[in-house]
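Novice: Sequence:
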Amino acid sequence: MFEKALKLDGDKLKKTNQISAKRPSEYWLIFFKKIILIKQPIKFRLRYLFFLAPLGVLIFICFNLISDESYDIESHFAAFMFSLVISIILNIIAHLFFDKNYYRDIVSFNHLARFIISIKGDVFKNLIQICLNFEGIESNKHSIKAHEIGLKNISGKRYRAYGMERYRANLVFKDNTVCTTSLYQYTVKVTTTKRRASGKVKTKSKHKHKFLYMLSLKLATENYHIINENELKKYLDDYDISVFKESTFYFVKIKLKEKRSFTTTEIHSAVKQQESIFTRMLDFLNNKQIITPKI
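The sequence shown: position 48 = 89 (my numbering), numbered continuously.
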């Protein structure tokens, strides 16, 4: 049913690392299952060719062991170990300087898929507009000033910050409530330099990540009541929530920040079945009566 669209969208995502489309909820669930939430295959890299040197020496050793019983293996085995060590070192250097880490977090994409499952029966015309961005975050295009996210370079520590919207989904519920869910990712490369007592300088780098999940609702004032600001304050320890009225609509925004020192490249079955952050947000708004439908 969706084979042609899946191929076109999959090819576009593979080519451009981005996609924006309006599709039925069932389509998006298949798209996520077959294209987004799968473990990405290991790509061949030119740096792997460095291992041809020790492989060649090993083949030479094996050939001589078979053809010559008096063959002295020690000298060539030392050459094999030396070439293997050099190949490993060259691969590490090439990985550090040339390989790009996209820092795409598969678990965070699963939160959107699980949310679609939980609300698909309530979506008007069953259509959802989704924009996905699979680009690598560490690029000049996504570079931001460290001070914009509250970081300041100090002696011995430097920051390089990046930020991008990973996805955004727009839909309308059957009661005409407009819902938007989004994920914004911040990645910071922290480089620390220390001088040892011996005078040697040691430099190391690590990455930190922050994921900002946001759910926004646009509700008709004729259909809903909204909690007042004083009552809202007691719930701000759980989520960052803001509400305001404009014309004949209420606008509600609820946010959650998640800090991590790593990103996930695959998703296990137990995690895949966990409740979506967006579903928990929506349930929170309803259960705490921050929004209540008029009878």
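I should point out that these hints are in silico values taken from the structure, not numbers from a laboratory.
One or more of the hints may lead you astray.
[Claimed, not checked] Below are the DSS-like pairs computed for lysine-lysine, each with C-alpha atoms no more than 30 angstroms apart in a straight line:
(1) K286 to K235
(2) K235 to K55
(3) K193 to K251
(4) K74 to K241
(5) K193 to K241
(6) K335 to K56
(7) K63 to K75
(8) K182 to K329
(9) K80 to K245
(10) K298 to K55
(11) K215 to K75
(12) K298 to K251
(13) K161 to K249
(14) K55 to K198
(15) K245 to K259
(16) K215 to K193
(17) K286 to K63
(18) K249 to K286
(19) K286 to K230
(20) K63 to K74
(21) K45 to K75
(22) K193 to K247
(23) K230 to K193
(24) K198 to K80
(25) K300 to K182
(26) K198 to K259
(27) K63 to K45
(28) K45 to K313
(29) K335 to K243
(30) K275 to K186
(31) K75 to K300
(32) K296 to K243
[Stated by the list, open to error] The calculated label-pair distances, taken between Cβ atoms and stated as ranges, are:
(33) R301 to F104: 16 to 22 angstroms
(34) T234 to S180: 20 to 26 angstroms
(35) L277 to K55: 24 to 30 angstroms
We put the CB at the ideal spot given by N, CA and C, even for glycine.
Novice: Hint by hint, say whether it matches the structure.
Specialist: Structure-based check of each hint:
no. : hint                             : result
1   : K286 to K235                     : violated, 52 angstroms
2   : K235 to K55                      : violated, 41 angstroms
3   : K193 to K251                     : holds, 17 angstroms
4   : K74 to K241                      : violated, 50 angstroms
5   : K193 to K241                     : holds, 25 angstroms
6   : K335 to K56                      : violated, 48 angstroms
7   : K63 to K75                       : holds, 18 angstroms
8   : K182 to K329                     : violated, 40 angstroms
9   : K80 to K245                      : holds, 29 angstroms
10  : K298 to K55                      : holds, 29 angstroms
11  : K215 to K75                      : holds, 28 angstroms
12  : K298 to K251                     : holds, 7 angstroms
13  : K161 to K249                     : violated, 34 angstroms
14  : K55 to K198                      : violated, 36 angstroms
15  : K245 to K259                     : violated, 46 angstroms
16  : K215 to K193                     : violated, 47 angstroms
17  : K286 to K63                      : holds, 28 angstroms
18  : K249 to K286                     : violated, 36 angstroms
19  : K286 to K230                     : violated, 40 angstroms
20  : K63 to K74                       : holds, 17 angstroms
21  : K45 to K75                       : holds, 14 angstroms
22  : K193 to K247                     : holds, 16 angstroms
23  : K230 to K193                     : holds, 13 angstroms
24  : K198 to K80                      : violated, 34 angstroms
25  : K300 to K182                     : holds, 23 angstroms
26  : K198 to K259                     : violated, 43 angstroms
27  : K63 to K45                       : holds, 15 angstroms
28  : K45 to K313                      : holds, 26 angstroms
29  : K335 to K243                     : violated, 64 angstroms
30  : K275 to K186                     : violated, 33 angstroms
31  : K75 to K300                      : holds, 28 angstroms
32  : K296 to K243                     : violated, 39 angstroms
33  : R301 to F104: 16 to 22 angstroms : violated, 50 angstroms
34  : T234 to S180: 20 to 26 angstroms : holds, 24 angstroms
35  : L277 to K55: 24 to 30 angstroms  : violated, 42 angstroms
Taken one by one, the earlier hints fail for this structure at numbers 1, 2, 4, 6, 8, 13, 14, 15, 16, 18, 19, 24, 26, 29, 30, 32, 33, 35, listed in ascending order.
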